[in-house]
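Going line by line, the protein sequences match chains P and E.
Position 359 of the first sequence, counting from 1, maps to 359 under the numbering used here, and the rest follow consecutively.
Position 22 of the second sequence, counting from 1, maps to 22 under the numbering used here, and the rest follow consecutively.
If you're looking for bench data, these hints aren't it; they were derived computationally from the structure.
Only pairs whose alpha carbons sit at most 20 Å apart, straight line, appear in this in silico SDA-like list of lysine to any residue:
| id | chain 1 | residue 1 | chain 2 | residue 2 |
| --- | --- | --- | --- | --- |
| 1 | P | K319 | E | E32 |
| 2 | E | K219 | P | S153 |
| 3 | E | K116 | P | D174 |
| 4 | E | K116 | E | D105 |
| 5 | P | K341 | E | E146 |
| 6 | E | K97 | E | W109 |
| 7 | P | K462 | E | Q47 |
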Amino acid sequence: MQTYYSDLLVIGAGLAGERIAVESADAGFDVIVLSIVPARRSHSSAAQGGMQAALGNSAMGEGDNPDVHFADTVKGSDWGCDQEVARMFADTAPIEMRRLAHWGVPWNRVVPGKSFYFKGGEKFEKVEKEEKAGLITARSFGGTAKWRTCYTSDGTGHAVMCTMDNRCAQLGIDVRDRKEAISLIHDGETCFGAIVRCLRTGKLEVYLSKATAVCTGGFGRIYKATTNAVICDGGGHIIAHDTGVVPVGNPEAIQFHPTGIVPTDILVTEGCRGDGGTLLDVNEERFMQIYEPDKAELASRDVVSRWMTHHMRQGKGVKSAYGEHLWLDIRHLGDQHISTKLREVDEICHYFLGVDPRTQLIPVRPTQHYTMAGIRTNKDGAVYGLKGLYAAGEVACWDMHGFNRLGGNSLAETVVAGGIIGAKVAEYLKGCETVFKTELVKQALNKQEERIADLISGKNGKEDVYSVRGELQDALMEGCFVFRNGKDLEACVTKLQGVLERSKHVGLRSNGIGANHELAAALKVHGQVKLGMCIAKAALERTESRGSHTREDYPERNDQDWLNRTLAYWPEGADMPDLKYEDASPVFELPPGDRGYGGGKIIPADPEMVKSKTITK
Amino acid sequence: MNRELQFNIFRYNPQDPNSVPHMQKFSLNETENMTLFIALNRLREEQDPSLIFDFCCRAGICGACAMVINGRPGLACQTKTKEMHPEITLLPLPVYKLVGDLSVDTGVWFREMYSKVESWVHTSTVFDPAAEEERMDNSVAEQVYELERCIECGCCVAACGTARLRDDFLGAASLNRIARFVVDPRDQRSDKEYFEVIGNDNGIFGCMGLLACEDVCPKQLPLQNQLGFLRRKMGITAIKSIF
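Next up, chain E with everything else stripped away, as it sits in the complex (with noise of 0.2 Å):
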């Protein structure tokens, strides 16, 4: 402990004239278990109020201070710094529209997604509020929790080659939503429909299996399993649908 570290952070506001994107050196006394969230509020709090950064819950759940970290995107919140160089470098996701410094725009982003993939139960059924709720296998409910643990957070689409180079793809984030509904009995949508949203460059046969989605997910969503899955279903879709 002791140490005193070395902070290298990305600074540029797009709501000021003034502003030139820049890297700017910061050095602040390490204290006990002290996390990325403790360090940049301090450095908010007592050298530089100016420093735009997001956190929301600071517990690994909410997603909301995904950033790139020593050149990896993680939550800023579960990373300690006891764990790392004395030099730290921050640097904003890339991908996402920029808001100022450490905070990108993932909010308009994953807004856009949920209208692409129809991020909703599609059924014909009616609630009856009289009667008794439709069974379901607890293993199913489990299994749909297991892809509905995302918390959003965009490190995976952060991290993905394609998604780097074309804008429209996608991303892991998208087609675990899609996977999330394929699973759910309570969808009645058909595989030729998902095809429609994800059978393209966009989507599922867009990915290059460069598997740094899975790897940065701080949630350890089984995101390439989902992706193989869709990709094998949405083929023989494809397939059936020339006979």
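The shape of chain P in the complex, shown without the other chains (with noise of 0.2 Å):
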């Protein structure tokens, strides 16, 4: 048995955690960061669009600062979000980008004179200034006051993980890829480590550490339909929310995008349709315009997307050996605008489907995309329930992101938070004295070989683990995506209860010998159906609206009741989980009030209590 030793583990080799490592080593502490893939292969490097920064540098984003990114933070999240930290992701940003390009990101910069830009298909003019030339740059994203969005061409992801990456060679961090932890190793109170399967031999090893930080992403991938890396799959959820004392923040909270294309479920952008292009159903007919006479195509993500649902729910969704879709038209916008404004759909289409948009229809349908519920942590990316362990990124409710997250805050959230969790897990380090026990090491070792042990062996049954995955992720899109309601969420609980007991008797058909991939979904299938449960139980809760959780039998957003977060813990051997809720923010520097989009009612909180928590900056 290989056992390791660091001061401080880092499972997830993302933007958030390479930045921790890189923070702590910068401040002279030993860092292992484990992979399941090769760093720069982590879904961080997926995100094209930005990061959300107040620089204010570029003409569209004059006027910009922290003060503007923080309220269009607040607001985007439905009043879901913990205002302090959305305050120090706002206030901090601008620093992060700043230190990025000066580590090698190669971000866009200002170009002095004029220039063109599209809003609605319509054709605008603006001047960048001679004083701010070659300085970060940014483009316009949903949801923002200004243009905010810090981007390197279309792959800013791709571009700031190869510099990080690069900053993580240079100081020597040890980042070793194809690992993945299956369990944390703890005694109730506080966390010691984690048990770790190679996925190039199999074979298991343990990492001890003063302090783990888990920065794993986001779990898209427990639905059927998702924008999200196959490795997306909840692995650094499961392995925390297992320990029994730590919650699940917002489990409800998930994000979907109107236009993921079918099968394979990558993102169309949402340009498509800003520039003009429609919504078509089985008939080749528009129908947005049905549900939303003014906005039709161009209503917000959340909106678009329940519209589509609704109406493939009425028997209009196009048939396929992938399931029902709906087509995106863009043929009308002409080759030229085609070949420029949307090169990027125009490669998707040719390299994944083989369509030609200029002459076809794109296949289309709601698709998860992000996860705002997490693991819950406090205001220093430390999780609640257990001592010395931490999580930044997707996989992390800390909660910047409320209900709804928006465009270019997530890429940013990554290195911030990052930047500001990893500068306190080096104060946590300082002086910090642990004991390892080894009799602790050794059952959480005995307890993970016996698991694997029974798979092979079929101890428990010979359930096939695809299948059960295929039921969780069935049983979530009927009964718990775009559209809720308490039928719907009650029959999915249902369902799931059954699928938990299915996932108990999961057997490999495979030896399971080597970098086995039945053995490591059998390892978390089970974790991944109580995360499924804790979606819908939460959901089935929640009797109001908020951001991207819709109840179609509670529309209004219901402050006086709801303003608050769900922790979903998972008590051991319940079968159930249990459900506590936690005030939405400890302070309001942004009162509650209208988004400003996406209508809806509200019923107000008690005056009283707002007036008691707002506070002047």
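Put the two chains together into one complex; each comes in its own frame, and the hints tell you how they fit.
Structure (structure tokens):
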């Protein structure tokens, strides 16, 4: 048995994980980073759009500052976020973007002079100032008052990921790929590291550490249709949640995107609709104008997703081998527009569908996109329930996104949170002494060895892991997707109880030797069903509509009863999550109000309570 | 549509003492818009769960799923079956160590490369969080980004004649990485310092100019231009060092 020791163990080598590692290594601590894929393949690298930070360098970003960014973020969250965290984030983001520039990110820069931009298909002119030449520029993103999104062409995530990984190499940080943490080592109070399966050999290894940070991204893969990479399967959530003492924050807060392509659910940009693309049904007829006469296809992400789902429920979907979908039509935009303004969409259609969008329709459907849900931490990134355990990035519920995340805020969160939380980890490590109990380590290891042996021998049953996972994915798509209502959620919970039972009886069909994928899937499927159950149960209990959580039977945002955050615990041996609640924000810098978009009625909170918690900055 | 696809897939699990390298045949019903990503996952889930292969983003931006597809290195995720003959042969990339079946260890290869070429900006400037960012011309930033688009799939190295013959050859991906820092004004390394890393037969002078690296690059990186650019620069550096 190989045992490795470090001051800090980071699980997940995406942007958040590597940023924490860099911050701690800079402070002189010994860090090991584990990743199931080579670091640069992390899902962070797939983000194309950019990172929000109020630098205010570009003409359309003039007058921007962290206060405006803060307000956009809080409104975007539908007042579900922790405002102290949103404030820290908005204040720190500009410094982090400059630091990334110093480390080597080739941010696009301000080019002085006249240029054109498009909005709603119309052409406008802007003039960039001479004195801003060469500073980091920004582009426009939904939900923001100013152009604030720093970018590197159409590969921001990729460029930042390369730079961050280079920084790790420079600092000599030990980044190990093809390593998957399958459980945490803990005594119910403190975390001491993790039991890890090597994805080259299949062997188990022990990693002991004074502090552990989980940075494994979202869990979109528990849904059948998701834009997430195949590695975004909830592994990090599961090992934390499995301890029984760590809650998942706001599991019901899941974001959906209207236009994932079918079959592979790769995203095509909202720009298609922004520039005049239309959505068609099985009869090749437009339908969005029926539901949203004013905005039609240009309504917000969540609204369009809802009506698309509704329309398919009306029997107007196109049947395919991969389930039902609708059509996105950009044929009328013409060759020139498609070849220049929508080049990326053109390429996706070509490479993954073999479709020419100039003459053919693009098959699309609403698709799971982002999990605001995550391992609940305090504002320092310390996970509730276990000392020495931290979380950052999409895996965490830190919680700056509340019930809806704005574009460009997730990628920025990875490095901003990574920097802030990395410094807090270093503070924790300073003068930290630990005693590792060998018996505890042995027990943790034995438990995993036993699980693996049971799966291989089929001791608990012969349920097929892929079939169990498929049933979970279908249940969530049916009962817990874009629209939710009491009846479907109850059915979903009941169905998931059955799936949970099946997941206890999974047995392998293959021999499980070496880099075996079936074993990896089998080790996490039970935890995945538990996560699914947390989503369904929390969504059933939350009798209001807030951000991405839409209850057809409770259309109002109810600040009177639901201005809070769900905490889903799963005590050992339980067959249902234990839901608790805490205030959404300890203070209000921006008291609850109208978001300015999305419509909907608000049942106001108690004015006395709001007044007592409101602060001025 | 409705073709029956025949897959001929390399099988070997080095961790299993009973495993012997061989080719295995599978057949699968083709569906609309099927890619090798869909096909391989269906094969694993429906027919043989012991099948080992890698996918990550499944959208052509992470490089995980490179393999030899009908004799040519490429990304499985962006390969559509409808554009192929119904008999499909899949092999793991050469050069890299085999993890199992179609999966190879690109991670270790690339991490070693980072330390060989010191893949980071070398600068004596210290970051000042209170100061405005250092200015840069946008066209320079775009030039740097063009070279940073490499997704480390390993296709260029797998297709490289020199790399197949000599395992100490840096390969196009590494030389492209060096070029990325050469054009970056933030990196203060001199040509002489770069020469010490790549001015030899393991580096820029080992390239036979067969052009396969650029032919197979799924991101269409201008690899040959970079090799030419570096070769000239290093040639001049070598001559200068004589005088």
